[in-house]
Structures are given as structure tokens and as C-alpha cells.
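*Asks:* What follows is the residue order along each chain.
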Amino acid sequence: MEQTKRKFHASMINDYRAFVFLGIVLIFGIFANNFYTLYNFTSIFSGSSLYTFIGLAFTLCMIAGHMDLSVGYMATMGAMMVLGMRTLEGLPWGVAFLVAAGVGALFGLANGILVAKAKIHSFIVTLGMQFVIKGLLNIYSNGAEISVKGDFEVTDILNSSPIPFLPFSVLFLFTLAAVIILMVVLAKTRFGRNVYMLGGNLETAWLAGIKSDRNTILIFMISGILCGLGGALYGVSAGTATPTLGEKGIAPLMVGLTATIIGGTDIAGGKGSVLNTFVSIVAILAMFGVITTLVGKFEVQILFIGIVLAFCVLYETFTKYAKQKTLGIRPDLVQKYMQESGKTKL
Amino acid sequence: MSEAVNTNENAYALEMRSVSKRFPGTLAVDQVDFAVRAGEVHALVGENGAGKSTLMKMLAGLYSDYTGEIYIDGKLCELHSPSLAKEHGVGMIFQELSLARRISIYENLLVGRLPKKNALFIDKKEAVRQASELLERVGLGKQDPTKEVSEISQCDAQLTEIAKVLGSNPSIIVMDEPTSALSSEEVKRLFAIIDSLKKQGLAIIYISHHLQEIFEVADNITVMRDGKKVGTYPVEETSTEHLIEKMVGKSVNEFYAEHTAEIGEELLTVKDFTRWGFFHHVDFTVHRGEVLAIVGLAGSGRTEIGRSLVGADPLDQGTVVLDGKEVSFKDMTQAVNGGIGYLTEDRKVAGLAITQSVTDNILVTIIDQLSKGASYYPKKHLGVVNKKIEELSIYPPEPARLVNNLSGGNQQKVLMAKWLATAVDVLVLDEPTRGVDIGAKQIIHQAVLDYAARGNGVILLSSDLPEVVGLCDRAIILREGYIVGEIQKHEINENTLLMAANGEGRHVS
Amino acid sequence: MTTKEQQATAPGIKQDSRRTDISKTSLFINRAGAYFIVAILLVIGLIIAQGRFVSIDNIRSILNAVSLTGMACAGLAFVVYSANFNDMSLPMTMALSGMMAVQLIPFGIVVSVVGGIAAGTLVGVVNGILIGKFRANPIIWTLAFNMVLSGIVRVAWGGSQIYPDTVAGDSEFAQQAAVQFNSFARTYFFDGALPLMVVVMIVLFVFAYFMMTRTRFGNKLKMVGSNYEAARLSGVNCAKTVILAYVLCSLCAAIAGIFYTSMTKIGAYSNGEGYDFDCLTAVLLGGMTLAGGKGNIVGVFGGVLVVGMLKNIMTLIGISTFSQYLVTGVVFLIVVWINTSSERKLGRA
Amino acid sequence: MKKVLTIVALVLVLMFAVVACTSTGTEEPAAEETAAAEEPAAEETAAAEEPAADTPAEEDATNTEGGAIDIAAVIASEKTTDNQQLMPDPIEKAFPDRPEDPSSLPEDDAGRYYDMEYVGWDAGEKDAGIPASPGDGPQGKKVISIVHGDHAWTTAYEKGMKQACEAFGMEVEVWSPNWDQALQDQLIDQAINAQPDAIALIPLSAENAVQQFRKITQAGIAAFGTNMLTTSDAMPYMAAWTGPDDWAQMRQLADTLGEAMGGEGGIAYITHDPGGSPYYARTYGPITEFAEKYPDIKTLDIQSPGFEAAEVKQVVSDWITRFGDDLNAIFLADDSAQATGAVDAVKEAGRDDIMIVAAGNSKTGQDLVKAGDLLIINYQSAEGDAGLCARTMAEWFAGEEVLPVGYLATDMITSDNVEGFYPTQW
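Chains as they are written, first to last, in our numbering: chain A, 1 to 346; chain B, 1 to 509; chain C, 1 to 349; chain D, 1 to 426.
There could be a bad hint or two in this list.
Claimed, not checked - Here are the simulated EDC-like cross-link-like pairs (lysine to aspartate or glutamate), alpha carbons at most 16 Å apart as the crow flies:
#1 K347/D - D191/C
#2 K325/A - E133/B
#3 K159/D - D82/D
As the list claims (entries may be wrong) - Derived DEER-like restraints, expressed as beta-carbon distance ranges:
#4 Q369/B - I113/A: 45 to 51 Å
#5 R98/D - D156/A: 34 to 40 Å
#6 K379/B - D170/C: 54 to 60 Å
#7 Q334/B - L46/C: 55 to 61 Å
#8 G90/A - T187/C: 53 to 59 Å
#9 G141/B - V20/A: 33 to 39 Å
#10 V327/B - I24/A: 44 to 50 Å
No wet-lab data here; the hints were simulated from the structure.
Each residue gets a CB set at the ideal place from its N, CA and C atoms; glycine is no exception.
Turn these sequences into a full structure, and let the hints guide you.
*Replies:* Right under this line is the structure:
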């Protein structure tokens, strides 16, 4: 009984803390005026779109044991490309979106090759790639923002809520679709399971004949495509994009990273869930909303997101620190010893 | 042996013909012929470093540069990668578990070949069903395959590992020390499984130090020594004594010169030493000039005693008296200053900083002694390093060379040198010569004896029995975390040690 | 048999990677490190700028421009060296020390500087304890701590900037301290040829050099960085060593933060933004690797020089800010790639 | 486990402390420490309350008996920190005809930037969705002001906004997205959700503003643009726009500088963040002005090193090396960190002859003007910016006619008049 109870607590913090966090935020929402309105939730969900795409990409890489710091800039690239193709080049929307995703894939490919083939740490590769993308973006648009130039047709479609009485905009439905597709891919396909295996135990994966290089490159490419699409959707829904999109405020990269950690994805890889990341992002945005209504100050937002992240890191650190002490213990010897010594507790 | 093969009847499931594998500095496997029939459990025994594991890794496709020929079911195969070996029906169960701990059992079982529902998706139901089937075959039918590996016991993980190998439908299964983490009841379960596999017509190669187990489970036994095959014996025609004689060979007496130690006063006394779940109520004493061996099979708590003694791992109860003073070490810094050193068993993971130079590695234990205040410059102390390099004949004798660019034997010498450079009174040596060539082994052994002869105490934790026999003055036997006996110098030979560790023979207490 | 042996030596088959002989070119590239790039840049600079490049003015301007990055890099090198990736709390360490220093100006210049440095160093102590002792993930923890600090600093000062002369108020003594504080970044020796900031940067690098090579701390840090477990089991007090590495890192960052504040004459939470990755870039260019225990301070100084010279030359050629990002990124990736492959060839990775 | 619990407890305490700090600190940012010390237990209730619900303590002399506010009297009475008028009169601007195709004109032709410089004046009909003025005056009206991000300028703007709104008896909340476009979009959604009477917005992006103002108007709330210019597409969705006339101010600075340079020489530009309206106004404003009036002044280089003193210093030092005596003047888009860096670089090189002009109105800039290091800066009151916006809103609530685009007066600060602008706003 005691043990199941403890297990329950542990799993609440380990596996479901994103939901717990969301719950806490929702409770605090009671004190905020107009928090529980359809409009507010539509806005929270829509606002989560960009962060979700970035968070998904980041989580995917982290499950495989890598870090992709370039997600923020790849998303900016997506937003700039889709609007650039549409407004500056006059291509149809569909082609523009394809170009955005394709460019994302291209940079993902570059990241993947440098990580898998040149064996450079992903942290370094993506750090350098940030500068490269930033430079290219600025050169492409000459530093200026690109907008839909009054062509709000698709923007309006993205921002409309097609289902009555539900706070889901089309933009959010696309986001939700991406979450579900990635969840299915990770859970239901061989590739998805290989991602976990690569992060969990590279040697096992190798011994089992999983082509680790090819899979790593594919992971980074998917990350790029997600960012490209996420950025493109955001850019169109906002009607504009600037090259500085990925670096202002609490940068989208930071929100994605924080949500990944809060969602319980293991920093060393092999464990994680995109659903938890998604829930964390919604919770973070809801928290921003509550704080804005209650306090109205940005500094409190950054403080709270820091505290939540710090709390998760500390929790993980201390449990790991405590676990280290009993690592490798032999339960049969414990049992035997307890029987002999008459002790019931260690 | 191979000439006797008749390819039509009595065909070998596996035949290796004069295979060799060279590592820098050693010939790990030297022209070995080895053959196993289908439906046979073939045990492979030998001392540490005899080449058993290398031979089997060759079979599992971990080396692409072996020489010789390997026939599986009469066909010549090139086992240059793990996936090739798998295709040819070789299944290998490694000593260290190769399961991803945070991933579910069924995925570990079916890694790389999860069943598909259609072109896109895997079929989880089918996967779980297949996994359950596999688990059933190893007697884990009640286990839930969707659990994470980290949630199940060590024993179940070991059995899962076997199930994983079974999943690829091998015709040959290699088990490397499969019982090291199992209790005696669990071992029985494992043997029942092996028996059923045998009946299904699989060829099983079984590597173990537990001779008792081997007699229980094997049909034929091949003995290896120093990378060469000594011979193959049907189990009915041999005995423990006979095997040990073959494993040890005559070289032991030649190799280990007789030494007589001058045993001085008590140096280290350990009482009621307990870490729950690892070792319990361990008492022993080490005298000056004495080499005390703690002998036990893998998983007996040997290493853990050493680690707890120097504060590298926690301790639940017990007292340690060193040189008349009661001490308790919270970490290794205190232990080294207090006079106990610990040479780790895994030099690459926990022993040496292989990306640093020989100098840095040798001096790391004595930085505090050498430094004046905060100031310390390793190049000033090259004398100390050169002396150790000379003492242990580390080759090439370049203090600035990176450890990674040395051969395994010389790396181990560096590890030894780093502890000999200190002024500690007691040295705990955990497998001081694992995976080391004969030459290096001899040098390290001489260094250990010299160290003890200077009036220091040595605690030797080794599974290399000739080493124990050749070096130690007294041995205590550890089984399942408890001390079960003590053997004095005049009684020590490999025979008595092996028997004691295997739970046979006389217990002296 | 013979076919087997031929195959065993055929190309494409993996050989034992532990080499006993060492590739000369790899060793040269590895040793020369960032200075190889410095030399190339020097040649480019000489060609394109026709003599103006090596003028005292230009050299001083390059050094002056990198002095803040350089100060922070001298400290950050310890953290990278200890295999703890990066100190993401660097920006807030700089901001906090600057703001504390400005806030303490009414108590005199000495209290102000000491207080500012102490506040910054405190960040390092917390980081060090959590990462060195409890083994928290260095990236995530320092990132979280940076956010927390950022929040605290913004809340504590109400989101506003503070000016040394305003904080000083009307007191003559405090006003003088404010003037002194603002003059730190504007002090020159030898008739304007040698700015104080450059002197401080060089002093910090020399200090870091001695800390890393000539003290027991530095040598222990090398072992901790290369193999934490091996160092621990050799009796090295790893926790203490890592804590000290973080303390040194934030000490240098705090000094840089005070100069930054003195330079802008404004204490603000945004001081130091972007220094986390900028400094890491310079340190990695200087030949240190994330695996720890590799590279040296001389190399890091070279990396800092590369950053400064690259920017200088690009501005001299007239490359736009946008293209500068691109060039920096590409140069960084190429250098790191060469560095990684030479490390691998030397058997160090 | 104990340790974990301790940490949890600490974090919780910290969280409550923060809530306490900030909820009381909204009105007086500097006093939050004492406030937190005084009432540590009141955190939750304080947090739940509307921060702006506290009625202004100061006695309002302009309050007439009937409760209606005399807007003109309020306008006349309020002063900024630097003793200027908080709510100055908006200024109209004359505008020339629009060229055929501005984008075909060369970079240094003023016509090319016509759509930015004269944005809003010819934007056509206001959108029908803009609600009608209630006509019952500003009292008790709820206003949400969304700024662009945290900055010392913003703090001054916030102060001005609160001071002005309180004087009118309006409730105001100021929200900041910290320069994050995505977050600003979200804040707008939240603001709409809160159903205020008006929303004043400093858009982060001129293009995106169309979408933002459109959204507010479609929700039936009056939208007021402030400070940042938008594209003309956004103008129909605003009840009114107020703010500084960046282009005119830059032209004014350029004129004065051109005269000081004697109509010839080389000039280099440090820009604002590329892409935004200040970028064009503060770079191409002077460039086009010079092209028209002083064609012998040559543009040497344009760089965007951002707002960090060290970076700017490096760029300016490199310029001095590269151009030598050809460099006679530098035009900066910012008079604080950029000015500090540029002045330091010039001094270090001993090139006191280089004239530096900066846009902006910070304490740093004013100090540098006073010290003679900067030639001129422009007077651009942050509080006045907010004040004008509040005034326009108040007038609109009262049903008065407001200008569709109302500019702040353009003034320059030189060493002659700098003393009159102390103490500075930020």
C-alpha cells in the first residue's frame, strides 16, 4: 500500500508533471478575471502554435540524445520563406509552404550530416548553424520584415474557429495534427521506436543493426521540417515575419527547451513524450496569461518560468543523487538479509 | 578435431577453424579450432584473459579483422558485423546487459524488427504478443512486456536478455556469464530454460567461472588458456579437479615465483562492515606486509566492499580501524589522505583519464603532496613520473604521451603507477590485471609484492585465480554478500579457492 | 586462408583505432589551433587594408573591442574545461554584478566594486554546488538559474535602468565614486595607447593561464574534466574543484559585467545579453571541446582574437552586418570541424 | 526526499514573496521591497485585486462638482519629469503628393519612403468596425496599454501613461511582451478578452500591426496606435494614432548637422534594428535629406551592430581605421549605448573633429550633449508620448474630434538648451 502510494507520487512528478503544472495554473486561473472564457482559451491555444512546433522538434532531438539549438532560427526561416515566396515571388500558398518545409529540411540535413558523419557534438553544430541561418535570413530580406501585404485570406482562415463552442482555431488544429502525427510516428512506427532506442542505448541499437547515422540525419531533418512548417504557419497567421523572430523576449527556443524539460524528457535521451511537451507549452502560455492578468508584468513571467524550470531540474537532480546510493543493489540479498536480521526496513 | 568431421551426419552447427584475433601487444586468440553440434550445450572455460570472450565476440561479429574460417551449418561465413552474425543465426548474450533501461521490455526484445501492421505502422498488439511468447520461453510468462526494463529485477532482466536473443531465431546461442547476477533459485530456472532450448535443437555455448554450474548444464567442455585451446572433454569424462588443472596449466608455478612475506602487526581491521543489499557483517584484518585476497564470484559483493572501504560508495554500518585509529571516510579524498587507495577494475570508465598524458594520470593522486601551497606544475615532477615509468617498464617511456595511445597492458601499468606513487599504507586492488598480456601482468604482480614487502597491506579483489594463488598470503571467501570462509597461505591453491567460491569443499571460519 | 588474410587487410575494413604513431599534420593543426586562423586573418588583413591593419590604433581597437568578451572567456574556459558545456547564467551574472555595483556606489567606489564582484561570484557558488556536488545537468540548471535571476533582478529594480550618477545622489563623496566608476572603461595608459580594459583582460588571461597550468586546482580540473569518475576515485575532491571552476567563471564574468556597466554608464538587466553563446563560440574556436580537459588558455585567447579580427576585417572590407553573421557561422563550423577531426586522428576523442 | 521538500518549500515561499512584491510594486516600482516587508501575509488577496483599482490618492483640483472632468484643465496642469508638458498639443503635418511608384525611385530619394513617412494621412476611410465614441467623458473608462517591450524608455512611457490616465480618472493597465512578437499577439487576445473601453498599442512590427489593429477593431474595441508607425493598411483600423514624427525629427537633425559640416564630407550610419520604422526613419531620413539639400555629403557605410556599446565602439573604431580623415560625421539611431560606444571610440582615436548626432532622448544622450561629445540629439519625450496618447483617448471618450494622426512637437537638444531638459525621464 505504502509502496503503491509512493509510486503514484513519483509517477505524478516523473511522468505527468506537465499535467500537474497545467492543473496548478488552471486553479490560479480562478483568481484571474475573464480567464475562463472561450476567447481566452482560443487565444492561448493559438498562441501555443509556434512554441509547440519548436518544442516538438526540440523534444524529438532530445529523445534521440541530441540538442538542436537552431530550432528557433529554423522556425524564423520558415516564416520568412513562406511569406517571401508568397509576397515577393508570387508563388501559390501551397508551394510557399512546401518551400518553407523544404528549406527547414535542408538545414536539418546539414545539422544531421555534421552530427552523424563529422561526429561534431550537436550542441556545437546547431550553435554554429544559428549564425549561418541568421545571416542568410537577414541577407534574404535585407533585415526587413516580410508581410502578406494585405492579402489576409489565408491569415483569416488560420485564425478562424471552425467548430462552434470549441476554442480551436484552424491554426491550432494544424498544430494539434502535428502533435498527433508525431505522437503516432514516435509510438507506432519503427523509426519512432528507433529514436528512443538511439537515445536510450546507442550500443544496443548498433548491435541490433539499426542504422544510427541515417536515423540521426532523419531526426534532424524532421526537426527542420517541423520548425519550417511551424514558423510558416505562425508567419501566415500573424501576417508578417521578421528575422529577429527567434531571439526576442523569452526566445521560442527557450520556451521549447523549458517545456521539453518540464514535460519530463530525459536530458540524456531515451525517454520523453511529445504530448507532455505540448501540455507544458499550453500550461506555460496559460501561466503567462494568468500572470499578465494578475500582475501585468513581464518580469514576473520570466521569474516564474525560471522557477518552474529550476524546480524540475532540482527535483531530477536530487532524485538521481539519492538513487545513485542504491544503484546496483540486489533485491534478493536485501530480502535474505531482512529475513535473517528480522529488520523490516532499510 | 576438424578432420574427424563428417559433413553428412553429426554435422556441426558451428565450426571455427584456426581463428585468430590480434590486439595491439597481444594475440588474444591464437589459431583456435572450436566446434559445436546442434542440440548441445558446450561450455567454454578458462581463466580471465584466456580468450573466451574474444572468441565469442568474434562469433558475434564485433570484429571485422579476425583471421581463420567460421562455418555455420557447414557454410563458410564472414561475420564482420553484428547484423551479419545475426543473419547467420548467432545470438549473443553479453556479460553486461545490452538492454536500454528506460525502454519497455517488448521493444527491447524486438529491437530492429518490430512487427508491422502495414507499410507505416508497427503492430503493438502483435509485438506484445510476440514478446509475451518469447518471455514465456524463458519462464517470464507472467511479466508484463509493456513495463520498462528499469522496473524489473536484475534476474528478470537477465532472462529478458536471453529472450531477446531467442527472438531472432538463432541456431547458436552464446551466453557469457549469464548467472553472475542470479540467485541460486533463479539459476535453476535458467537451467530449465537452457534444457528446453537444447531440446529444440539449438547449439548453446556457455561461458562461466562457476564450474559447479557447468557440470550441471553442459554436455561438452572446451578449455582455453592464454588464447589457445587446451582441449575438449565430454562432461562425463572429466571432473572439477581435472578441469582446473587444465585451465591453470603448469605455467602457474613457473609464472609466480615463490614469495615469502614478512607479516607484521595489524594494519587494518574491518568489523561488521555492512551495506544492505550488497554485503553484510563482513569482518577481516590486514597485516603489514600481507596480501589479503577477497575471493568471490561475480556479484558476490567483492567490488562493493572495496568501494565502501574507501568511501567511494556509502556504508550502512561497520567500523574500520587503520593503524590503530578508527577512521571513516566520506569520500576518496579523505581515504587517500587517511592512507587507503583503491585501484578500480574498469580502467577506461573509472580508472584513467585516457585523453590525458601519462604524467597527468600518474601524478593525479599526489597533487596535494607535491604542491607548494596552491602552486603545482606537473613538469617539475617529471622525475617521479620517470621513476615510475622505469619501475613498471611503461612503453613507450614518454611521460607526455596520451594514455589513449598506449596498449592495454601499459595503460594498466599507468593505473598501477598512479597508486604506487602515493604514500598510502593499504591498497585495494580490484582486478589489477584484467585484460592484460602476460608481460605486463608479471610486472604488475612484482610491483604488488614489492609494495607489500615495504610493510604495506594489500587487499586483492580478483577473479583471476592463479593471480590470487600467486600473490596472496591469506584469502577470505565471499558468497552472496557474506563471508563464508577463510583460507590460509599453505592451503591456498586454485582448487581450494574455486571450490570454496563455488560453495563446495570445506569452510574454514 | 590467404583470401581471408587479404580481406582482413583490404581497405574499408575497420582497423584498430589505437595508433601508436601520430599524424604530424594533425598534431600541427591541433597545436597551432586558433593561431592558425589568426595568421590567416593577419595575412588577409595586411592585403586588404594596406598597412592600416597593423597600426597601433587598429590593434588597440581590436583588443579593446574583444576585451569584455575576453574577460568573460577567461573564466568560462574553466567551465568548458571541466566538461560542463557552458555557463548559461553568464549574462545575468554580468548584469547582476553591474547593477549591484551601481546600487552600492553611495557607499564608495571600493564597496561598490567589491560588492558587485561578490554578487556575481555568488551566482558561481550556487551553480558550482548544484553542478559539482549534486551533478545537476549544467546546461539546463544554469539556464533555469539565469531565468530566475533575470526575474529577480527585473522585479527588484522594477524593470528600470539605474545610472551611477543618479544613484549617487547629491553627496560629494558618492558623486566622486560615480565619476570613478564611469571612468573604469575610459582609463588609458601610455598616452591613450593601452586601455585599462585590455590590461584587465590580459591580466585575467595570465591569471587563468597560471590557474590552469601551475596550480593544483588547474591540474585537478583537467582530470575532472577528462574523466570525472576516475578523478573522484583517485582522491580528487571533484565537487570542490568544479565549484571553484564556476566561482572563477562568475568572478571573471562579474569583472566583465562591471566594466560593461561602466562602459555604458547604465546598470540594466539586459547588460550581458548574448554573452553566453558569444563567449562559448570564442572558447570553442580557441580549441577547447565540450568533452572537457582539452585545449588551453593560450588557445582561448587565440579564439578571442579570431572573433575580434574577423569582425574588424569584415568591417574594414565593408561586409554588411548580415553577411557577418553568415561568415562567422561558417568559419566557426569549419574550425570546429577541423578541430574535432584532428582530435580524433590524435586519439584524443 | 527531505531535501526535495525543503526546496519545494523554499520555492513556494519565493513565489508568494514575488507575488507580494509585484502586486504592490505595480504603482511604485522602487518601493516594492518595503511593501513586501510590510505586508507579507496579504499576498494572495493583493494579487487577486486589480492593480489599478486603487483610486489615485492625489487630490485632483480639476475635478468639478458634477464629476465630469475638465479635459483642458487637466491637460494644462500635468507636467513630465523634465518639466515639459505631459500632454502636448498634437501637430498636424502637411504632405506632398504621392509619387507614381515609390519603390522605383532610388534609395536616396525621399519619395521612395513616401508610404512610411506620410503613413496614415491618405489611408482613406476609417473602418466601419470602429465603435462610436461613448461621448460621456474619460472617467471610469478602462484602458489597456500594450507596449513593445521592457526598456528604460518603456518605464518612463508607463509612468507617463499612468499619470495621465489617473488625471483623467481612467483605469489603466500596462502590459509588456518584452519584444516578443508572438507574445504581443497573445497579449492582444488577452486584452480583448478583458473587454476594456480602449486599447493603446505600440506595435512591435509595422506590418503585423495591420492584423493586430484589425483584430481589436473587429472585437468592437477602440484601438489607438501610439509611438510606432505602422503601414498605412493599419490606419483604417485605428481610432487615432499619436507619436513622434521620427522622419521630421531626423530631417531636422540632418539639416543642422549638414550645416555644421559645411555641406560636405563623409558620414556613416549606425542603424536601429533593421526592418522597423525607426530603422528607415533614422537611416534614410537623413540620407534623403542630405541628398536633397547637401549633395556633397557622402554616405560612407551603414552598419547594424545593435545596441551594445562594445559592438558599436568596435564598428566605429574600424571605420576610423578604414576611412581615416574621410569620416567627418556619424549618425546614430540611439543616443544611449550606441552613443556611449561611438563617443568612446572617437575619443580613443583622438578624433574629436568627428561630429556625432544621435536620435533619442535618454539621460546618457543628454549628458553627452552637455559634455559636448554629442552635437545634437532630438527631444522625444517618452512620458509626453504616452501623455498625448492618453489625451487623445480622453478626448475621444468625450466625443471630441481627434486628429487621425497626431504628432508630438519636434525639438532638438543642443548644448545651448540642454539644461532645460533636466532631470531626464530615463
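*Asks:* So which of the earlier hints does this model not fit?
*Replies:* Violated hints (numbers, rising): 2 and 5; every other hint is consistent with the structure.
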